[in-house]
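Chains A and B, in that order, give the protein sequences. Taking the numbering used here, the leading residue of the first sequence gets 1, the next gets one more, and so forth. Taking the numbering used here, the leading residue of the second sequence gets 1, the next gets one more, and so forth.
There's no promise every hint is true.
BS3-like cross-link-like pairs, simulated, lysine-lysine; straight-line CA separation at most 30 Å [to be verified]: (1) B:LYS78 with B:LYS241; (2) B:LYS306 with B:LYS78; (3) A:LYS221 with B:LYS94; (4) B:LYS241 with B:LYS306; (5) B:LYS261 with A:LYS294; (6) B:LYS78 with A:LYS272; (7) B:LYS261 with B:LYS221; (8) B:LYS221 with B:LYS195; (9) A:LYS221 with A:LYS75.
Think of the hints as simulated: they come from the structure by calculation, not from any bench. Just so it is clear, the structure is predicted and the values come from calculations on it, not from any experiment.
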Amino acid sequence: MAPVLVWLILILCLLISLVKYTFALILKWSVPGATVKKDYTYQPTVSVLMPCFNEGKTVYETIESISNSNYPSEKFEVIAQDDCSVDDSHEWMLKAQRDFSNIRVRVGRNTVNSGKARTVCNALQHSVAELMISIDSDCIFHPDAIRELAACFSEPKIGSVGGRVGVRNPNENAITAIQTFIYYAAFQVYKVPENWTRSVGCISGCLFAIRRELLLEIEPKIRSRHWFGIPVNQGEDRFLTHQTLLRGYGTYINNDAVCWTTVPSTLADLFKQQLRWKRSIIRDLFYTLRTLPKHVWTLHPNTVLTLVLTPLGALLGLLVVLTMLSGNPTELAGPGPLIGYLAIAAILGWVIRKYSTREAVNNPLAFGAYLAWSVVSSLFLTTLALCTLDSRDWGTRVKEQEQEAVDGDASRQEA
Amino acid sequence: MATQVVKKPEARPAVIQPMIYKSVVTVYRIFAIVTLYLVLLGVLAYGFVMGFYALNTSWAAPVILSPADDKSLDFTEKLVTTRQTLEDLNVDQKKLQDGVAEMQKHRTALEGLEPELKTAIVREQQHNQIAGPQLMELDRQKQADNRKTLAVMAQVREVEAAIDKDLAAGLITKGDAATQRAALNQAQSSYTDSKIGEILLTDNVLEKTTVDTKSLDVLDKQAELISEIAQLDVAISVAQKQIYEETKQIASLRQALATAKQTPYYLSVSGGSAVYFAFVPYDNQSSAAIGSAVYDCYLNMVGCRKVGTVKQIFAGEEHAIHPIFRTDIRGFLIQMQLDHSESAKSKTVFLSRKPLFF
Chain A
1 MAPVLVWLIL
11 ILCLLISLVK
21 YTFALILKWS
31 VPGATVKKDY
41 TYQPTVSVLM
51 PCFNEGKTVY
61 ETIESISNSN
71 YPSEKFEVIA
81 QDDCSVDDSH
91 EWMLKAQRDF
101 SNIRVRVGRN
111 TVNSGKARTV
121 CNALQHSVAE
131 LMISIDSDCI
141 FHPDAIRELA
151 ACFSEPKIGS
161 VGGRVGVRNP
171 NENAITAIQT
181 FIYYAAFQVY
191 KVPENWTRSV
201 GCISGCLFAI
211 RRELLLEIEP
221 KIRSRHWFGI
231 PVNQGEDRFL
241 THQTLLRGYG
251 TYINNDAVCW
261 TTVPSTLADL
271 FKQQLRWKRS
281 IIRDLFYTLR
291 TLPKHVWTLH
301 PNTVLTLVLT
311 PLGALLGLLV
321 VLTMLSGNPT
331 ELAGPGPLIG
341 YLAIAAILGW
351 VIRKYSTREA
361 VNNPLAFGAY
371 LAWSVVSSLF
381 LTTLALCTLD
391 SRDWGTRVKE
401 QEQEAVDGDA
411 SRQEA
Chain B
1 MATQVVKKPE
11 ARPAVIQPMI
21 YKSVVTVYRI
31 FAIVTLYLVL
41 LGVLAYGFVM
51 GFYALNTSWA
61 APVILSPADD
71 KSLDFTEKLV
81 TTRQTLEDLN
91 VDQKKLQDGV
101 AEMQKHRTAL
111 EGLEPELKTA
121 IVREQQHNQI
131 AGPQLMELDR
141 QKQADNRKTL
151 AVMAQVREVE
161 AAIDKDLAAG
171 LITKGDAATQ
181 RAALNQAQSS
191 YTDSKIGEIL
201 LTDNVLEKTT
211 VDTKSLDVLD
221 KQAELISEIA
231 QLDVAISVAQ
241 KQIYEETKQI
251 ASLRQALATA
261 KQTPYYLSVS
271 GGSAVYFAFV
281 PYDNQSSAAI
291 GSAVYDCYLN
301 MVGCRKVGTV
311 KQIFAGEEHA
321 IHPIFRTDIR
331 GFLIQMQLDH
341 SESAKSKTVF
351 LSRKPLFF
């Protein structure tokens with residue numbers, strides 16, 4: 001009975017996904033209201049908040065890419081906040097401050113390692129701008145990114161706007177190729193129905209713009225965010241998006257605001273990143289379920305559906321894989337799913353090559369390996385995430401030799 | 001631009017809340033550690049079981065065949081149908097054989113008639129060849145006689161006229177005249193008879209010298225006789241062929257029944273004492289030999305004990321679901337002689353040897 005139920009739920013989820021993606025494509029191509037009317041004359045002052053931890057020289061390149069922005073330089077600044085990196089990240093920040101004098105760069109440093117979310121809040125303390133753009137310190141930004149994000153805020157009910165995250169290293173190996181497909185589909189298709197109702201469930205922290213007053217309102221919640229007394233340092237992007245929605249504001253992804261990130265190229269790094277994301281998703285699900293009545297009465301049904309179904313999908317994936325393994329394990333190795341994935345890869349590969357040449361994947365067939373990854377991800381990541389909700393590391397950026405420093409700082413912070 | 005240092009003061013926690021949080025986190029961590037170890041253990045065990053069954057070549061899966069399960073029911077239905085067909089064929093074959101015997105008897109009788117008919121025809125033809133010319137000659141003589149008699153008959157008419165004159169002249173009496181006229185009529189009548197005889201003779205000559213309708217009738221009868229024999233030949237041939245085919249079919253069905261009696265399903269449906277079977281995949285065929293030991297193990301692989309022996313190996317191919325991989329596999333059934341009937345309910349048993357030597 002249980003396996004039948006799992007299969008029924010799976011089929012239902014696939015059906016919902018099919019409808020959602022089909023709907024997304026229809027919206028994308030034929031409904032003008034699905035996109036925000038951008039007003040490029042609207043140019044508020046902008047603070048680009050850049051939390052950083054152990055990024056090394058990359059942080060310099062990130063600031064360099066922002067310095068090339070075509071947004072009026074007098075209207076934006078970069079606030080780079082170092083979270084006690086144990087490498088030379090802080091030095092690179094200072095060098096960037098010296099080298100890119102065409103823009104205003106502030107460099108700050110936390111006294112103790114506080115995690116990304118609190119580092120963003122610390123950076124916020126130095127800002128007086130109308131619009132905050134939180135970015136990842138390992139991304140490269142398109143010159144139009146800030147201009148594109150700001151233009152969306154002409155719509156008064158928009159609270160947060162995200163940009164599209166492209167992959168800088170699509171052809172490094174099969175792992176990065178797979179992620180290229182996932183990133184592209186997520187931004188170009190999956191988020192379109194959410195865009196239509198201005199209710200994107202999670203804006204990527206790589207490029208996250210939010211109104212100042214809104215961020216100030218949410219800041220105390222970010223700082224006090226904890227899991228049974230353990231500070232939560234991860235998933236601030238999902239949390240911020242969620243809080244924006246709960247305050248009655250809209251959230252939106254502007255795919256014309258682009259940044260490029262270097263995605264994990266090893267299984268270990270990918271596993272750590274995905275584990276961090278999974279934890280964030282599970283925490284968000286618990287939060288949503290705890291305050292479900294508020295969600296149901298306040299938010300658009302599509303938003304509630306997104307907020308509930310996305311994390312439930314992760315849990316369901318675990319059940320499905322367990323059911324398959326306890327039933328017919330070789331079914332996973334059957335040609336059906338592989339053919340399905342390869343077909344998707346062929347279509348996406350063609351679309352990416354046509355519309356985003358920079359991300360073109362040389363070997364789209366690598367996407368077939370996603371089948372194996374999805375099994376590992378569903379089986380282990382969800383379980384591990386459920387069992388490590390007390391984690392407070394930076395995910396992919398923690399190196400073994402740095403762990404001690406992080407733990408020491410955290411202890412001091414708690415003291 | 002100067003480097004700025006920001007430090008946010010931490011909120012002072014309440015006294016009880018941290019204790020509750022600490023307790024919850026401690027319980028959570030214990031639970032998480034146990035869960036993760038269980039998951040790890042589960043993964044390792046799963047991997048070991050998968051590997052074990054991928055490499056092991058002595059396992060067999062006990063099968064309990066119920067007379068009510070689909071395969072047994074299907075088998076019973078086929079068995080009954082086969083037996084019925086066999087019975088029908090036997091009856092039909094008997095009928096055909098009787099029919100053939102009857103037809104052959106009839107044919108023999110007809111065949112005996114045919115030469116007699118031929119002899120009669122030949123004999124008649126020979127007789128006609130002799131009698132025909134003789135009759136023809138007699139017919140010619142008769143005609144000549146009749147022509148002569150006709151001339152005499154002209155004189156008779158003159159005599160008749162002379163009688164009338166003589167009677168009128170009173171030369172003769174009426175009695176004499178009547179006597180003379182009667183003699184004349186008799187002569188006339190004789191001539192008529194002679195004429196009839198001539199015609200009949202001519203007719204007879206025609207019969208003897210040409211093929212007449214009577215002869216044709218006889219020939220027709222002869223053709224009918226030959227045709228009937230030919231038809232009987234065909235019918236006998238067809239019936240014999242049918243008997244041959246049915247004999248072959250009966251032999252096949254008997255063979256099939258004999259084979260069916262050697263299947264586990266027959267043993268299952270034929271009742272009697274409990275019989276135990278096990279499915280052996282082809283990969284493990286080498287372990288299945290009559291008389292080899294059957295082991296039942298705890299957790300399907302350890303702590304094994306001997307529970308019986310292999311009694312019989314069935315030749316027919318069977319398909320089954322792999323007890324671990326859940327894939328379709330091909331193999332055959334064996335009959336086990338079990339000392340512990342409970343082992344028939346185990347997921348797997350092992351043949352010939354213990355899988356892990358204990």
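Going through the hints against the structure:
A hinted pair counts as satisfied when its Cα atoms are at most 30 Å apart, and B:LYS78 with B:LYS241 qualifies at roughly 27 Å. In summary, the hint linking B:LYS306 to B:LYS78 is not supported, as the alpha carbons are separated by about 37 Å, beyond the 30 Å threshold. The hinted pair formed by A:LYS221 and B:LYS94 fails the criterion: a straight-line CA distance of about 100 Å is larger than 30 Å. This hinted pair does not check out: B:LYS241 and B:LYS306 have alpha carbons roughly 57 Å apart, beyond 30 Å.
At most 30 Å may separate the alpha-carbon atoms for a hinted pair to count; B:LYS261 and A:LYS294 exceed this at roughly 72 Å. Taken as a hint, the B:LYS78 and A:LYS272 pair is broken in the structure, with Cα atoms around 62 Å apart against an allowance of 30 Å. Between B:LYS261 and B:LYS221 the CA atoms are separated by roughly 58 Å; this puts the pair beyond 30 Å, and the hint is violated. Simply put, B:LYS221 and B:LYS195 have alpha-carbon atoms about 36 Å apart, too far for the 30 Å limit, and the pair is violated.
Restraint check for A:LYS221 and A:LYS75: the C-alpha separation of about 28 Å stays at or below 30 Å, so the hint holds.
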